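**Q** Let the hints inform the model, and build the full structure from the sequences given.
6 protein chains.
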Amino acid sequence: MLQDFCVADKTSQVLVNGFACKDPKAVSAEDFFFSGLHMAGNTSNKQGSAVTGVNVAQIAGLNTLGISLARVDYAPYGQNPPHIHPRATEILTVLEGSLYVGFVTSNPDNKLFAKVLSKGDVFVFPQGSIHFQFNYGTNSAVALAALSSMNPGVITIGNAVFGSKPAISGDILAKAFQVDKMVVDRIQAQF
Amino acid sequence: MLQDFCVADKTSQVLVNGFACKDPKAVSAEDFFFSGLHMAGNTSNKQGSAVTGVNVAQIAGLNTLGISLARVDYAPYGQNPPHIHPRATEILTVLEGSLYVGFVTSNPDNKLFAKVLSKGDVFVFPQGSIHFQFNYGTNSAVALAALSSMNPGVITIGNAVFGSKPAISGDILAKAFQVDKMVVDRIQAQF
Amino acid sequence: MLQDFCVADKTSQVLVNGFACKDPKAVSAEDFFFSGLHMAGNTSNKQGSAVTGVNVAQIAGLNTLGISLARVDYAPYGQNPPHIHPRATEILTVLEGSLYVGFVTSNPDNKLFAKVLSKGDVFVFPQGSIHFQFNYGTNSAVALAALSSMNPGVITIGNAVFGSKPAISGDILAKAFQVDKMVVDRIQAQF
Amino acid sequence: MLQDFCVADKTSQVLVNGFACKDPKAVSAEDFFFSGLHMAGNTSNKQGSAVTGVNVAQIAGLNTLGISLARVDYAPYGQNPPHIHPRATEILTVLEGSLYVGFVTSNPDNKLFAKVLSKGDVFVFPQGSIHFQFNYGTNSAVALAALSSMNPGVITIGNAVFGSKPAISGDILAKAFQVDKMVVDRIQAQF
Amino acid sequence: MLQDFCVADKTSQVLVNGFACKDPKAVSAEDFFFSGLHMAGNTSNKQGSAVTGVNVAQIAGLNTLGISLARVDYAPYGQNPPHIHPRATEILTVLEGSLYVGFVTSNPDNKLFAKVLSKGDVFVFPQGSIHFQFNYGTNSAVALAALSSMNPGVITIGNAVFGSKPAISGDILAKAFQVDKMVVDRIQAQF
Amino acid sequence: MLQDFCVADKTSQVLVNGFACKDPKAVSAEDFFFSGLHMAGNTSNKQGSAVTGVNVAQIAGLNTLGISLARVDYAPYGQNPPHIHPRATEILTVLEGSLYVGFVTSNPDNKLFAKVLSKGDVFVFPQGSIHFQFNYGTNSAVALAALSSMNPGVITIGNAVFGSKPAISGDILAKAFQVDKMVVDRIQAQF
Numbered sequence: 001m002l003q004d005f006c007v008a009d010k011t012s013q014v015l016v017n018g019f020a021c022k023d024p025k026a027v028s029a030e031d032f033f034f035s036g037l038h039m040a041g042n043t044s045n046k047q048g049s050a051v052t053g054v055n056v057a058q059i060a061g062l063n064t065l066g067i068s069l070a071r072v073d074y075a076p077y078g079q080n081p082p083h084i085h086p087r088a089t090e091i092l093t094v095l096e097g098s099l100y101v102g103f104v105t106s107n108p109d110n111k112l113f114a115k116v117l118s119k120g121d122v123f124v125f126p127q128g129s130i131h132f133q134f135n136y137g138t139n140s141a142v143a144l145a146a147l148s149s150m151n152p153g154v155i156t157i158g159n160a161v162f163g164s165k166p167a168i169s170g171d172i173l174a175k176a177f178q179v180d181k182m183v184v185d186r187i188q189a190q191f
Numbered sequence: 001m002l003q004d005f006c007v008a009d010k011t012s013q014v015l016v017n018g019f020a021c022k023d024p025k026a027v028s029a030e031d032f033f034f035s036g037l038h039m040a041g042n043t044s045n046k047q048g049s050a051v052t053g054v055n056v057a058q059i060a061g062l063n064t065l066g067i068s069l070a071r072v073d074y075a076p077y078g079q080n081p082p083h084i085h086p087r088a089t090e091i092l093t094v095l096e097g098s099l100y101v102g103f104v105t106s107n108p109d110n111k112l113f114a115k116v117l118s119k120g121d122v123f124v125f126p127q128g129s130i131h132f133q134f135n136y137g138t139n140s141a142v143a144l145a146a147l148s149s150m151n152p153g154v155i156t157i158g159n160a161v162f163g164s165k166p167a168i169s170g171d172i173l174a175k176a177f178q179v180d181k182m183v184v185d186r187i188q189a190q191f
Numbered sequence: 001m002l003q004d005f006c007v008a009d010k011t012s013q014v015l016v017n018g019f020a021c022k023d024p025k026a027v028s029a030e031d032f033f034f035s036g037l038h039m040a041g042n043t044s045n046k047q048g049s050a051v052t053g054v055n056v057a058q059i060a061g062l063n064t065l066g067i068s069l070a071r072v073d074y075a076p077y078g079q080n081p082p083h084i085h086p087r088a089t090e091i092l093t094v095l096e097g098s099l100y101v102g103f104v105t106s107n108p109d110n111k112l113f114a115k116v117l118s119k120g121d122v123f124v125f126p127q128g129s130i131h132f133q134f135n136y137g138t139n140s141a142v143a144l145a146a147l148s149s150m151n152p153g154v155i156t157i158g159n160a161v162f163g164s165k166p167a168i169s170g171d172i173l174a175k176a177f178q179v180d181k182m183v184v185d186r187i188q189a190q191f
Numbered sequence: 001m002l003q004d005f006c007v008a009d010k011t012s013q014v015l016v017n018g019f020a021c022k023d024p025k026a027v028s029a030e031d032f033f034f035s036g037l038h039m040a041g042n043t044s045n046k047q048g049s050a051v052t053g054v055n056v057a058q059i060a061g062l063n064t065l066g067i068s069l070a071r072v073d074y075a076p077y078g079q080n081p082p083h084i085h086p087r088a089t090e091i092l093t094v095l096e097g098s099l100y101v102g103f104v105t106s107n108p109d110n111k112l113f114a115k116v117l118s119k120g121d122v123f124v125f126p127q128g129s130i131h132f133q134f135n136y137g138t139n140s141a142v143a144l145a146a147l148s149s150m151n152p153g154v155i156t157i158g159n160a161v162f163g164s165k166p167a168i169s170g171d172i173l174a175k176a177f178q179v180d181k182m183v184v185d186r187i188q189a190q191f
Numbered sequence: 001m002l003q004d005f006c007v008a009d010k011t012s013q014v015l016v017n018g019f020a021c022k023d024p025k026a027v028s029a030e031d032f033f034f035s036g037l038h039m040a041g042n043t044s045n046k047q048g049s050a051v052t053g054v055n056v057a058q059i060a061g062l063n064t065l066g067i068s069l070a071r072v073d074y075a076p077y078g079q080n081p082p083h084i085h086p087r088a089t090e091i092l093t094v095l096e097g098s099l100y101v102g103f104v105t106s107n108p109d110n111k112l113f114a115k116v117l118s119k120g121d122v123f124v125f126p127q128g129s130i131h132f133q134f135n136y137g138t139n140s141a142v143a144l145a146a147l148s149s150m151n152p153g154v155i156t157i158g159n160a161v162f163g164s165k166p167a168i169s170g171d172i173l174a175k176a177f178q179v180d181k182m183v184v185d186r187i188q189a190q191f
Numbered sequence: 001m002l003q004d005f006c007v008a009d010k011t012s013q014v015l016v017n018g019f020a021c022k023d024p025k026a027v028s029a030e031d032f033f034f035s036g037l038h039m040a041g042n043t044s045n046k047q048g049s050a051v052t053g054v055n056v057a058q059i060a061g062l063n064t065l066g067i068s069l070a071r072v073d074y075a076p077y078g079q080n081p082p083h084i085h086p087r088a089t090e091i092l093t094v095l096e097g098s099l100y101v102g103f104v105t106s107n108p109d110n111k112l113f114a115k116v117l118s119k120g121d122v123f124v125f126p127q128g129s130i131h132f133q134f135n136y137g138t139n140s141a142v143a144l145a146a147l148s149s150m151n152p153g154v155i156t157i158g159n160a161v162f163g164s165k166p167a168i169s170g171d172i173l174a175k176a177f178q179v180d181k182m183v184v185d186r187i188q189a190q191f
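Protein chains in written order, with the UniProt record's numbering: chain U, 1 to 191; chain X, 1 to 191; chain G, 1 to 191; chain D, 1 to 191; chain B, 1 to 191; chain F, 1 to 191.
Treat the hints loosely; a few may be bogus.
Put simply, identical chains are the same to the list, so a pair is met inside one copy or across any two.
Taking lysine-lysine pairs in the DSBU-like style, the calculated list, with each CA pair at most 35 angstroms apart, reads [stated by the list, open to error]:
hint: 1; residue 1: LYS181; residue 2: LYS10
hint: 2; residue 1: LYS165; residue 2: LYS46
hint: 3; residue 1: LYS46; residue 2: LYS10
Derived by calculation from the structure, the hints in this document are not laboratory data.
This one's a predicted model, so the numbers in the text were calculated from it and none came from an experiment.
**A** And the structure:
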């Protein structure tokens, strides 16, 4: 941060680490604003969850400022499947319902730190760790996550490993997960 | 961040930038957990607001991870008076009610960026800027703020300028705010 | 810092965090140079002080390098009123005269660390803290300040709180400083 | 880096982000030295590969210096299965043999960038990305990897997702990978 | 790092700290790739050594990623003369032959940490320290160095002090090295 | 910076990157204060200059704050010989007299940026560059330097290359500077 703010200029033809800045004279309060985080996302999908991001893509004023948000909705038995944020720690607050959440540490321990959360509970997922949230209840749940980057990124393990474009070779994945190549084929077909 | 996590060891006799770390073998999920953010703070005070912080003081696992939260409750006509976070940008979400919020840029422009927010609205206060929230409505309001530091710090302008211990000399403040020294005396008496 | 230097190209139509760089082949010693810091600023103003900045606005070569200077002149009884640098720690050396200086810590202590300085004395104001210098003597004083940012920014409390454009509502400030709204009106009229 | 070096004092009872420093007077050239990277690791394991790390655990002098190494040996058809380094970018040089390598970008594209490498070829895996190396040839292969952290960390996807202690619930993983819970059980049994 | 990658766009007319980014849609695996590090450099020169750099100049994908490599070849009695990397720590692995290596600490101790290395040995040169490698053997030697910057920079002491363009005044160098000005003239004539 | 300040506790038996912190309750204004920068250093030495440092060694309160100062005195024809600060950019102000100053860029250009400075002139030496100041006048000169680190470090080229303990082998230096080994012996004898 080398000035009061550097609102992202998404029309700039020059791409830089982060975004180029709008002319400060053209900046208004709208550049620091987002509306609609009280509305539920559509959880009618395989995982039964929906993430509504509020990062530099939605609020241009977040450029260079190192923080962002996401609302997550969970249908009953819905989940935010195992994923990592390569550029951010996450701190999550349960607004409605209950969630079973956890993260796993790096090799060699691969220790799972997990906990059941209720409304008003807060949990931290350290940067780069694989983590998940699961709504094991019969009501829908809502959480608000804050992340320590203007653009935290999401790598959903299933999608990245079994659904990359082009696909990672089935031989590699079969050996990596110690399963028959046919199992890999079937998983890849889902993504 | 030089390891998966460095949970604050608040019993350490050695003080460092941030906190020393607990033995990782003694770390549990509780170290990343806080409970109670669904409960309103007590707004029966002069400003009519209450801040419930969730930073490294409440969640030891936030040490070195660069993020924290605060719930803010506002009575009708209550406000979170002008203040700065010397070490963090803030992104605030209105959970209930309406708020008039704003921040002021640095010299020489001292431009105010302000906006009325409703439930589900989000606003950003860049690091180091003087900012405030005011509940101009007849109902109480609630916001959840995320901050880009494990220990963002708060400098409430009124308290720091007129309520420091010991006091800043009245001569200095009278000239700084271009008022009679008696006015300064009266303000200082409030803090 | 990802190259030997990145001299600010102030003619660039592309704005970035900091500044775009001049073509290194066009850089000369003049880009790292400023002249005139031996000359006193004009202290004929309400605060009785003058700040002559030497930052990336004056020396284009400071871009990306994380440091800058300012000369401050103080008339007798003049002061550099309470202000913060949102992006820098300051280390100040008294070149002539005497100064009473101080800074205030964050909530909840709001502790004032203050001291009288004479010629050759040095004092540190930590990043983000409210601080001031006051020439309580009958001679003019001069100080040289170094700041840990190429563009430290200055938020003068009086100007930002009572002189923002547009103004912060008098109701908010009256409650913030626990004074009558008429007092706020009078202060705002000064800025 | 706030001094010439801060050699890790692994006997310190105080744990900090990184490591406490040895008394500089007791530091010798041995603290910056490691021997044995010319020797092959034992690849007689399920993945057919072996990683010999040279980070702050092996060279105490790397503490605070932001870099480390690893030698990787691959049996014929051996692989370094999909994994991430949460705290480092990797740049890998093939010393012997041939490797098929790749990394996958974050959501929503999950694009695979992959390439066959021969002796003397170099490839980059950006920080936080899932990546792998596969020796598809009939000879063993050797690579030297450099990483941009003194303690980059390794999260092997298979181990962390299917081999965590305690295990992530099979219901969660079955839904995450869109497979029958029995398949998850079988995979978990391998780890 | 504010996105998955920011591959250097070397055709950009806008220069920034580091490089502007290519359109991510135009990025391919080739942007993370370099070939030829198995080939020896030409050591037929005064110092008897050759450095083959693999940094952002050779691999555009290294932009913003904080790491690079260099292969160094040494003829018998050849050396990589005293130099510093102003922006990187170096970790060096001996691939072939033997080397005598060392670095010197800052004032006032100027302590030399030195060691003879054989094949498979690794040594660390902390950022900013003057260091060297000397092949005291009768066979050629090869090392692979990793550096903690995408563009570490090299300041060879001899070239910078005695071979700058224009030259540093002989009077200054004569006094700096406590020699006759004629000696300086003779050294300068070599560079 | 993870709290308002972390004043160096130089009595701590635990050494860390930088310094451990004093108990904040025991901190006073004296911890941010240094006296005596108006007094000239003793320039009766071979280089005819004296550096009076004001860094974390002199002001414990500078710990973690990223800035420091130095006063430099120059006898007539005295000089601050070629040196680098491995951890800081320097910005220098001439308080008295005239100086010829310069810095040299990295390989391959090794371009000298130099200029004659008078009282009130300011010049910047980018981090890691070899730079010098020479008083070519018949009066003594004084400069105040600010540096972008609490502990910038100084590597005087002459001392580090020719005066290290133990010495760098004369064979290495003779080849590095393309001189006869006897010349190296004579230079080494001076340091």
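**Q** Next step is simple, just say for each hint if it's right about the structure.
**A** Here is how each hint holds up against the structure:
1. LYS181 x LYS10: neither (44 angstroms within a copy, 43 angstroms between copies)
2. LYS165 x LYS46: both (20 angstroms within a copy, 27 angstroms between copies)
3. LYS46 x LYS10: Only inside one copy: LYS46 and LYS10 sit 33 angstroms apart there, 43 angstroms across copies, limit 35 angstroms.
Consistency note: the structure conflicts with earlier hint 1 alone.
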